[in-house]
Amino acid sequence: MRFAFGFAGAIAALLCTAILPAEAGQGDTLKAIRERGEVLCGAHPGRYGFAAPDDKGRWSGFEVDLCRALGAAIFGSGEKVRFVALSSQQRFPAIQAGEVDVLARNTTATLTRDTALGLNFSPPVFYTGLGFMVRKDAGVKTVEDLNGATICMAPGSTTEQAVARLFTQHGLKYTPIVIENNKELASAYVAGRCDALAKDRDALPGVRMYDAPQPEEHVILEGTFSKEPLALAVRHGDDQWYDIVKWVMYGLMEAEENKVSQANVDEMTKSKDPYVQDLLGVTGDYGPKLGLDKKWLYWVVKSVGNYGDIYERHFGDKTKLPLPRGHNKLWTEGGLLYGLPVK
Amino acid sequence: MTSIDRSLAASGPTRADIRARQAAKPPRRRLSWGDPFTRGLIYQAGLAILLALGIHALYSNVSENLQRQNIATGFSFLEQLARFNIGESPIPYSASDTYGRALLVGVLNTLRVAAVAIVFATVLGVAAGVARASRNVVISTLAGTYVELARNVPIILHVLLWSSIIRNLPPPRQAHDLLGIGFISNRGLTVPLPGFGTSGGTIMIALGVAVLSAFAAARLARRYGERTGRYVEPIVPALAVLVALPLLTWLVTGAQFTPDIPQRRGFGFTGGLTLSPEFFALAIGLTIYTGAFIAEIVRGGIQAVPKGQVEAARALGLHPFSIMTRIVLPQALRVIVPPLSSQFLSLTKNSSLGVIIGYPELVNIGNTVMNQTGQAMEMVTIMMLIYFTLSLITSLLMNFYNSRVALKGR
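Protein chains in written order, with the numbering used here: chain L, 8 to 350; chain V, 155 to 564.
Treat the hints as calculated values from the structure; they're not laboratory data.
Hints are supplied without guarantee of correctness; some may be wrong.
Claimed, not checked - Reference listing, derived: stretches of chain V covered by chain L, where coverage requires no fewer than 3 residues with Cβ under 8 Å from a Cβ of chain L:
1) 216-227
2) 237-248
3) 320-333
4) 415-422
5) 524-532
Claimed, not checked - Over 10 Å on every C-beta distance to chain L, these chain V residues come out as not near it, computed from the model:
6) H210
7) V292
8) G298
9) G354
10) L402
Ideal placement from N, C-alpha and C gives every residue a C-beta, glycine not left out.
When you get a sec, could you build the whole thing from the sequences and use the hints?
Encoded structure:
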């Protein structure tokens with residue numbers, strides 16, 4: 008019954024904001040991480056492919072690996088990360104209070120969060136948007152067919168606003184049912200309490216696969232209905248730590264673009280390409296500029312691979328729930344991922 | 155003699171003794187640690203200063219931290235547009251209303267479910283409490299089983315259980331039909347709304363007047379009984395007024411009748427009034443759980459009435475029902491009412507469990523607002539203040555009622 012305490016958790020987190028002096032001065036975060044020996048990463052308590060403890064209790068998932076990349080950049084090992092499961096209510100107070108160093112928890116970057124919440128966002132690491140799942144026999148093909156429907160969704164996400172906007176745009180009516188706990192939300196939809204389930208589109212296949220007793224009875228509507236660029240978040244006030252998070256994410260993209268992967272990273276250190284040599288810290292001093300080891304990106308790729316490796320591992324064809332890369336391809340392949348040059 | 159008086163009497167000097175001693179030796183106040191009065195004063199002042207310092211430290215730390223991290227503070231967000239919808243609302247609300255109005259909807263939904271649950275929990279609790287005190291073994295065992303089952307299971311499970319039972323009712327297309335005018339489905343209970351055309355407002359006013367008149371009529375009936383000795387049940391004239399006045403108004407305004415009968419359409423129903431499954435699950439869960447506690451309080455109250463009272467009533471040949479309603483319950487109420495108030499308070503606060511099943515009460519909507527605006531500190535403060543106010547109002551009402559049923563010192 009962990010979720011029953013979600014609200015209590017939010018209050019507890021809040022009290023921490025109130026009492027603890029926040030440790031967000033220049034360079035403080037990295038220093039604290041080094042002293043602690045691990046990165047504290049705020050993670051989703053359970054979202055297929057993104058973050059979940061596996062059957063051995065080890066955290067795994069796309070966002071989990073992004074945090075492991077941070078651990079690798081600092082300590083040379085992706086294991087030097089501790090994950091803190093946070094509900095959607097708990098996440099912002101937790102990062103504000105310094106309970107976690109970084110938030111990699113399905114968080115859409117928005118203006119309000121970037122400013123009024125005191126956060127800074129990494130470049131988007133996953134582009135997704137609002138999607139709907141409906142029962143096949145309901146005969147719903149388009150959003151217009153959802154007029155008058157009851158729609159289940161999670162609170163506190165950007166989903167609530169996105170659905171309201173979409174239905175207003177189309178002049179349609181709906182009744183929202185807002186349930187915090189993910190299991191409870193899915194079971195409400197599966198039991199037929201709602202006609203549709205609204206969620207980030209890329210989270211819907213997981214619900215269909217694992218929560219619906221007959222997955223084939225449900226379809227995901229064609230189309231993505233809002234912009235939800237998911238990004239990592241850090242606190243205001245420590246530019247060095249923000250730079251590290253930002254450039255580790257760019258580094259993952261740059262590694263993929265330059266064909267440096269987990270499989271060939273050791274060979275690539277012998278590459279003739281000066282840019283690759285700089286990336287992997289054979290030459291250049293890009294790591295120290297961030298306050299990290301010279302071979303920071305080598306350790307990242309060695310531990311978790313490049314962006315493409317991470318994507319393949321959790322959403323690729325060999326996984327239970329393959330997701331086409333879509334917008335999450337590199338810009339060179341028609342996607343939106345555009346790593347800034349490590350120069 | 156109250157129990158306090160009695161314990162005082164048992165434990166030594168009586169009030170009179172103390173008063174005599176004080177009169178004999180007027181207290182000399184000196185500025186010395188040895189003087190209890192001065193010492194008490196210093197202790198209290200010290201505590202007050204510590205408290206003030208603590209609050210100041212917390213407040214300044216919070217505002218300093220929030221400012222350093224550039225986190226927005228203040229309550230101006232309440233005037234911003236909410237941009238999210240709410241499933242059910244007793245007042246008109248849309249996504250283009252403000253956060254403040256969204257919260258108001260939450261408060262009203264909390265009040266709605268709490269009020270319904272308080273009424274039913276009281277009825278259920280009194281029935282079960284009386285049954286448990288019964289000498290009929292079957293009845294008392296049945297009541298006992300209910301009480302033990304209901305109060306020994308956490309309330310969250312009650313709510314989840316009812317929520318999943320209701321969710322597994324048939325979907326709207328296979329809804330259970332209620333005489334062709336209402337439906338039970340996993341979308342809740344849909345019932346027809348009586349419509350009175352243009353005369354609706356007038357009838358509502360007449361109903362309000364009728365309620366007031368009913369009280370007056372009941373009072374007149376009681377006075378009449380006291381004066382003449384011929385007692386009329388006060389409920390008779392009260393009901394008469396309550397029915398007659400609105401009915402008369404309806405006839406005078408043209409006897410319009412345009413009921414709003416729900417129809418199956420699209421994804422659910424159109425027309426009529428739909429009470430949501432979440433509302434039912436929460437109301438039933440709260441009723442059954444709190445009812446069990448009320449039953450125990452009622453049983454305790456009944457058992458606190460001296461046996462002699464019942465025996466005397468029986469000797470006079472009173473009907474068992476009259477013994478219960480005229481002799482036992484009025485005396486038991488004095489014991490029952492104070493703990494009953496706490497049950498009402500708990501019930502209102504427990505309604506915040508609506509958040510887990512998706513009933514849009516205060517915490518549910520507060521969570522969404524907190525997440526959209528990021529102003530957790532302010533939102534938690536607002537929610538606490540609202541629950542605090544609701545509790546205070548309940549307490550005040552119950553204390554008022556308690557003072558009416560309490561034993562009057564003569």
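- [ ] Compare the structure with the hints numbered earlier in the document and write down the numbers of the violated ones, lowest to highest.
- [x] none
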